[in-house]
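S.K.: Each chain, letter by letter, is given below.
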Amino acid sequence: MSGNYYFAIVGHHDNPVFELEHSSQAKGADAKKDDHRHLNQFIAHAALDLVDEHMWTTNNMYLKTVDKFNEWFVSAFVTAGRMRLMMLHDVKNEDGIKNFFQEIYELYVKNAMNPFYEPNSAIKSAAFERKAQFYAKKYLTG
Amino acid sequence: MSRQSTRSTDSRKVSQELFTLTYGAMVAQLIKDYESDDEVNKQLDKMGYNIGVRMVEDFLARSNVGRCHDFRETADVIAKQGFKMYLGISPAITNWSAAGDEFSLIVESNPLTDFVEIPEKHGNLYYSNILCGVLRGALEMVQMEVKAWFTQDSLRGDNTTEIRLKFIKRLEDALPAGEE
Chain A
1 MSGNYYFAIV GHHDNPVFEL EHSSQAKGAD AKKDDHRHLN QFIAHAALDL VDEHMWTTNN
61 MYLKTVDKFN EWFVSAFVTA GRMRLMMLHD VKNEDGIKNF FQEIYELYVK NAMNPFYEPN
121 SAIKSAAFER KAQFYAKKYL TG
Chain B
1001 MSRQSTRSTD SRKVSQELFT LTYGAMVAQL IKDYESDDEV NKQLDKMGYN IGVRMVEDFL
1061 ARSNVGRCHD FRETADVIAK QGFKMYLGIS PAITNWSAAG DEFSLIVESN PLTDFVEIPE
1121 KHGNLYYSNI LCGVLRGALE MVQMEVKAWF TQDSLRGDNT TEIRLKFIKR LEDALPAGEE
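Chains as they are written, first to last, in our numbering: chain A, 1 to 142; chain B, 1001 to 1180.
Treat the hints with caution; some may be incorrect.
[Said to hold, decoys possible] Cβ pair distances, simulated, as ranges:
no.	chain 1	residue 1	chain 2	residue 2	range
1	B	S1097	A	M113	34 to 42 Å
2	A	M113	B	R1054	24 to 32 Å
3	A	N15	B	Y1034	22 to 30 Å
4	A	S121	B	P1111	23 to 31 Å
5	A	K92	B	Y1086	48 to 56 Å
6	B	H1069	A	E118	46 to 54 Å
7	A	H13	B	L1171	35 to 43 Å
8	B	F1019	A	P119	18 to 26 Å
9	B	S1063	A	F116	16 to 24 Å
10	B	L1171	A	R82	43 to 51 Å
11	A	R82	B	V1142	28 to 36 Å
12	B	A1092	A	K138	34 to 42 Å
13	B	Q1081	A	M113	25 to 33 Å
14	B	A1092	A	E118	32 to 40 Å
It is worth saying that the hints were derived from the structure and are not from the lab.
Positions of the beta carbon are idealized from the N, C-alpha and C atoms, including for glycine.
Model the full structure from these sequences, guided by the hints.
M.R.: This is how it looks when you write it as structure tokens:
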């Protein structure tokens, strides 16, 4: 199952606050993935408008799949503070992605309580990245 | 005049987060204003000192302990009653020096540092340095000059948080000039 995932947290000015790539298959072509990185950012950015439209139509924070581009699906999760968690994926793993979003949301809230974190700034904490990768491995494979 | 302890658990739970966030905002602002970690440490110590000299009166009134006969008793009262009353934690007392004038307080969970992660460029910051000031101020009001400092800090990567307290000397009350 070739599950490739690109996850980004987008701030209020459409700036990426955090990015994470994850693949459920064994590491094959890393170079190929770097090439796709620009495309992933482009797809996520293009989907932001749809997310903004979508979020007013529902009470839920989890917006499921908002957009599709070639073979990539875009799922989104909007927090109460309008931070948009975007997930690009090529397999349909709804439950896994929903759980992943929930965990990252909690992680983000705890990070936001840090008095040294400027809201909307890039998240540079190594602990945050580690935990995000852990959750990615836990929920986004299989 | 007696305190209402019925709503204590719930309202205190909410205000603990407020307290933590307030302290965090204050430290973050100090860093923005002073920019040097050492300067911020000094300011936190000064603030703590001012809190301590006032807090000790409140503490003695509420806890009803008598005068301590030696430094060991002082250590016990600080750890088991002082910290418990104001922060809700009970640090452990260890590492007594040979002369009995220095000891360590091991703080397991510090409510001031919930959710806090110090960014790398402030590696010299002692985030909870206000506690050292509080101890120094409070003990100075009961005629003991002490020195308090952090030997380990879990925010800096150590396993635990350890405050070392050293007794310097007993202060004699100096009468103001003009009195007998």
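S.K.: Look at each hint and say if it fits the structure.
M.R.: Hints versus structure:
1. Range check, S1097/B to M113/A: about 38 Å between beta-carbon atoms, so the 34 to 42 Å window is met.
2. A hinted range of 24 to 32 Å holds for the C-beta pair M113/A and R1054/B, which are about 29 Å apart.
3. Checking the proposed 22 to 30 Å range against N15/A and Y1034/B shows it holds: the Cβ atoms sit about 29 Å from each other.
4. Checking the proposed 23 to 31 Å range against S121/A and P1111/B shows it holds: the Cβ atoms sit about 26 Å from each other.
5. Our hint of 48 to 56 Å for K92/A and Y1086/B holds, since their Cβ atoms are close to 54 Å apart.
6. Range check, H1069/B to E118/A: Cβ separation about 51 Å, and the 46 to 54 Å hint holds.
7. For H13/A paired with L1171/B, a C-beta distance near 57 Å fails the hint of 35 to 43 Å.
8. Taken as a hint, the range 18 to 26 Å holds for the pair F1019/B and P119/A, whose Cβ atoms sit roughly 21 Å apart.
9. The given range of 16 to 24 Å is broken by S1063/B and F116/A, whose C-beta atoms sit roughly 35 Å from each other.
10. Separation of L1171/B from R82/A is about 56 Å and departs from the stated range, judged on CB atoms against 43 to 51 Å.
11. Our hint of 28 to 36 Å for R82/A and V1142/B is violated, since their Cβ atoms are close to 52 Å apart.
12. Restraint check, A1092/B to K138/A: a C-beta distance of roughly 36 Å satisfies the suggested window 34 to 42 Å.
13. The supplied range of 25 to 33 Å is met by Q1081/B and M113/A, whose beta-carbon atoms lie about 30 Å from each other.
14. For A1092/B and E118/A, the hinted distance range of 32 to 40 Å is satisfied, since their beta carbons lie about 36 Å from each other.
This entry does not satisfy hints 7, 9, 10 and 11, going by the numbered hints stated previously.
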